[in-house]
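A.B. asks: Hey, can you work out the whole structure from these sequences and the hints?
Residues per chain are reported as follows:
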Amino acid sequence: MSNSVMKRILVLRILVLTCSALLLGGCASSGNPKDPIEGFNRAMYGFNEALDTAAIKPVAKGYDAILPSPIKSGVSNFFGNVDDVFIGVNNLLQGKGITAASDLGRFVVNSTVGIFGLFDFASKIGLEKHDEDFGQTFGRWGIGPGAYVVVPFFGPRNVRDTVGLALDVKADPVAHITKVRARNTLLVTRVISDRAQMLPADKVIEAAALDKYAYIRDGYLQRRRNLVYDGEPPREKENF
Amino acid sequence: MNLKGNLMKSLPGLMLGLMFVLGLNVGILTPAHAEETAPDLLIKNVTSEVLDIVRKDKDIQSGNHRKAIDLVEAKVLPHFNFTHMTQLAVALNWKQASAAQQKVLVDEFRTLLVRTYSKALTEYKNQTIDFKPFKMQAGETDVKVRTQIEQSGAKPIGLDYYLEKLPQGWKVYDIEVAGVSLVINYRGEFTSEVRKGGIDGLIAALQAKNKSSEGAVAKKSSP
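So the sequence lines, in the order shown, correspond to chains A and B. To get the numbering used here, take the position in the first sequence, counting from 1, and add 55. To get the numbering used here, take the position in the second sequence, counting from 1, and add 784.
Mixed in with the good hints, there may be bad ones.
[Claimed, not checked] Below, a list of computed lysine to any residue pairs in the SDA-like style, where the Cα atoms sit at most 20 Å apart:
1) A:258 <-> B:895
2) A:267 <-> B:985
3) A:179 <-> B:914
[Said to hold, decoys possible] Here are a few chain A residues that face chain B, going by a calculated C-beta distance under 8 Å:
4) 116
5) 259
6) 273
7) 286
[Claimed, not checked] Covered stretches of chain A (in silico footprint by chain B; criterion: 3 or more residues with CB under 8 Å from a CB of chain B, positions within the stretch not fixed):
8) 158-165
9) 275-285
Calculated from the structure, these hints are not laboratory results. Positions of the beta carbon are idealized from the N, C-alpha and C atoms, including for glycine.
C.D. replies: Written out as structure tokens, the structure reads:
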């Protein structure tokens, strides 16, 4: 069985597991309307944390300590460039043609002048980097977020973004590289590069959170709402 | 897209934003001047001055949390309205609390926020701040000042300050990092603490948290 088929089956299983947990919901409720399956979510959060502590974080720390900044920037820019096409497609699906054109422009500029995406030259000439995915596209189309759910391996999502995630994985250009070794190397490097960028955040979250699970959950929900509105959400700030 | 993808996109922003929150500083402004200083100028002045201090301070850069806390307490605190921040975080339960309980809540929340912000300051690298154009209508008393954190190799991160005009001058009552309000983010946690143990339960949880991080600060700062 090929690696990509196995990966698809794994993703499918995770999603089926997640959906059944959602249906079983209610029973683990602790009263937060945004997090009806908190019991399940806390268990999955614990699993993801354990995996991170044991395998991902130590490697990310090594990566961060050993490599000089320009190399780390190059790696992060490279994956960002691959993402820009995908971001452009989502902007197009959201009816933002001009923004989509700018994303594709970024890809063309950075793939050439930016030497295969290693340098983000496009930002320097005023083509701003955007952040889009299928979950945001669904949100733009008017689909509500649904309950919070922690997906094994992938981390915080809501129901809408879990469905979006399935499409994100399917549309991920890196996952479609046919040379298995090159693809796996790239997938692992991307996880490590992303994780390394988050290392300083760990300590601050430790300092900030009474309950780390809830702090990350509420941050995620706020962030996604903000992204769906492209940074201009209707104000939710009442006084008491 | 990959492991923890979305979490990763949001959390570095949170962290970096926290660093720059510390950028607030009394600086050269006397209280009399502060009253007249426009909100955007206030943010600009204090951000520049605190970052200058951090850039020169090797202790803070190498993780001296105690020293960072002292800087925040001396320079940043006067520009925040902690009572308003605590109200926003405690939300509907605020009215349940007695005046005495409200005072304790504000004190403990202030300690927690200062610890967090100063921790973020010790993580400062070489980011710079870009100040967005600011417009204010005459007579406005509630404004949003937008800034952006620029760093090489990563998407810029929005860092927005909400300020209100009080008799003592403009005061910050909320900060949003990449669209995440650092104050509103506590609502879920606070609500569930109140549900479990009432207002006193929330106070106890905050005190326990502050006590445990006090230990960490002391340990970290000792030679």
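A.B. asks: For each hint, tell me whether it holds in the structure or not.
C.D. replies: Comparing the hints with the structure gives:
Note on residue 258 of chain A and residue 895 of chain B: the hinted pairing holds, with a Cα-Cα distance of about 17 Å set against a maximum of 20 Å. With a C-alpha separation of about 18 Å, the suggested pairing of residue 267 of chain A with residue 985 of chain B holds against the 20 Å cut-off. At most 20 Å may separate the alpha-carbon atoms for a hinted pair to count; residue 179 of chain A and residue 914 of chain B meet this at roughly 14 Å. For residue 116 of chain A, the interface hint is violated, since its Cβ never comes within 8 Å of a Cβ in chain B; the closest pair sits about 14 Å apart.
Hint on residue 259 of chain A holds. Least Cβ distance to chain B is approximately 5 Å, under the 8 Å limit. With its C-beta approaching chain B no nearer than about 4 Å, residue 273 of chain A sits inside the 8 Å limit, and its interface hint holds. The beta carbon of residue 286 of chain A is positioned within 8 Å of a beta carbon in chain B (closest approach about 6 Å), and the interface hint is therefore held. Coverage of the region 158-165 of chain A by chain B is violated. Counting CB-CB distances below 8 Å, 0 residues qualify, and the rule asks for three or more.
Against chain B, the region 275-285 of chain A contributes 7 residues with a C-beta closer than 8 Å to a partner C-beta. That satisfies the three-residue criterion, and the hint holds.
Hint violations for this structure: numbers 4 and 8, all remaining hints satisfied.
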